[in-house]
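Student: Chain by chain, the residues:
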Amino acid sequence: GQQVQQSPSSLVLQEGENAELQCNFSSTATQLQWFYQSPGGSLVSLLSNPSGTKHTGRLTSTTVTKERRSSLHISSSQTTDSGTYLCAIGSYGNEKITFGAGTKLTIKP
Amino acid sequence: DTTVKQNPRYKLARVGKPVNLICSQTMNHDTMYWYQKKPNQAPKLLLFYYDKILNREADTFEKFQSSRPNNSFCSLYIGSAGLEYSAMYLCASSREISGNTLYFGEGSRLIVV
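Quick mapping for you: the protein sequence lines, in order, are chains A and B. Those letters in the first sequence? Residues -1 to 107, by our numbering. Those letters in the second sequence? Residues 424 to 536, by our numbering.
Read the hints as simulated data drawn from the structure, not as lab findings. We put the CB at the ideal spot given by N, CA and C, even for glycine. Mixed in with the good hints there might be a few duds.
What follows is a list of derived Cβ distance ranges for each label pair [what the hints assert, rightly or not]:
| hint | chain 1 | residue 1 | chain 2 | residue 2 | range |
| --- | --- | --- | --- | --- | --- |
| 1 | B | 536 | A | 38 | 19 to 27 Å |
| 2 | A | 16 | B | 476 | 42 to 50 Å |
| 3 | B | 428 | A | -1 | 29 to 37 Å |
| 4 | A | 64 | B | 441 | 46 to 54 Å |
| 5 | B | 500 | A | 38 | 23 to 31 Å |
| 6 | B | 500 | A | 13 | 38 to 46 Å |
Selected chain B positions facing chain A (Cβ under 10 Å, derived; list incomplete) [as the list claims (entries may be wrong)]:
| hint | residue |
| --- | --- |
| 7 | 463 |
| 8 | 466 |
| 9 | 471 |
| 10 | 513 |
| 11 | 515 |
| 12 | 530 |
Here are some chain B residues pointing at chain A (derived, C-beta under 10 Å) [claimed, not checked]:
| hint | residue |
| --- | --- |
| 13 | 456 |
| 14 | 458 |
| 15 | 464 |
| 16 | 465 |
| 17 | 467 |
| 18 | 468 |
| 19 | 480 |
| 20 | 511 |
| 21 | 517 |
| 22 | 524 |
| 23 | 525 |
| 24 | 526 |
| 25 | 527 |
| 26 | 528 |
| 27 | 529 |
| 28 | 532 |
All chains should be built: construct the whole structure from the sequences, respecting the hints.
Tutor: And the structure:
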């Protein structure tokens, strides 16, 4: 089945620094979604980006489909960005959406 | 309205007692999912409904049941809770089975004692 690896598992930065999160997956994906999990536990969709580059606010996701990898770049990080970032992969015709274990991001003031 | 609502948000249950978690969405989505999330682990798919068809994961087949009496509503039922069931339970919906954005509820945190 699909395997999703996220790196790093944890990342500590100072406020204002940029964060780079990686997601690698084992087989072809037609769906890729980045989520933010708040300390309270709920999941919020950040970006859906199965290929190419997408921007929203301070977030930029770049997915290289043939290399089976995606990145999430957070510019000018803020303390409120702290939390866990999850990558989820799906394939057309395969109903299972597989998650990575996440990157725990801590932004220090 | 793109929200998925879950109830209860928090549930404390005794070992051996049943637990029923509820999820609803008003987006007319075909597919509704239940995931289990434990700290430092990836969300684990438990089961999903595509329309009225229930699909359960093989390794959790006997542990969880579900019903979907209408398009908007889906429940997750644990007949006899064990300590290992303590987790966050996340409900999600999407317009079709695959290739579409997942929308998650805020989760139901279950603590079994």
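Student: For every hint, state whether the structure bears it out.
Tutor: Status of the hints after comparison with the structure:
1. 536/B x 38/A: 19 to 27 Å: holds, 21 Å
2. 16/A x 476/B: 42 to 50 Å: At 45 Å between Cβs, range holds.
3. 428/B x -1/A: 29 to 37 Å: holds, 30 Å
4. 64/A x 441/B: 46 to 54 Å: Since residue 64/A and residue 441/B have Cβ atoms about 48 Å apart, the given range 46 to 54 Å holds.
5. 500/B x 38/A: 23 to 31 Å: For residue 500/B and residue 38/A the Cβ distance comes to about 24 Å; the hint holds.
6. 500/B x 13/A: 38 to 46 Å: holds, 44 Å
7. 463: Holds, about 7 Å.
8. 466: With Cβ-Cβ at 5 Å, under 10 Å, it holds.
9. 471: Where the cut-off is 10 Å and the nearest Cβ of chain A is about 7 Å from residue 471/B, the hint holds.
10. 513: holds, 6 Å
11. 515: Residue 515/B check passes; min Cβ-Cβ to chain A is 8 Å, inside 10 Å.
12. 530: holds, 5 Å
13. 456: Interface hint status for residue 456/B: holds (8 Å vs cutoff 10 Å).
14. 458: holds, 8 Å
15. 464: holds, 6 Å
16. 465: holds, 4 Å
17. 467: holds, 8 Å
18. 468: holds, 6 Å
19. 480: With a minimum Cβ separation of about 9 Å from chain A (threshold 10 Å), the hint on residue 480/B holds.
20. 511: holds, 5 Å
21. 517: holds, 8 Å
22. 524: Since the shortest Cβ distance to chain A is 5 Å, the answer is holds.
23. 525: holds, 6 Å
24. 526: holds, 7 Å
25. 527: holds, 4 Å
26. 528: holds, 7 Å
27. 529: Status holds, d = 4 Å.
28. 532: holds, 6 Å
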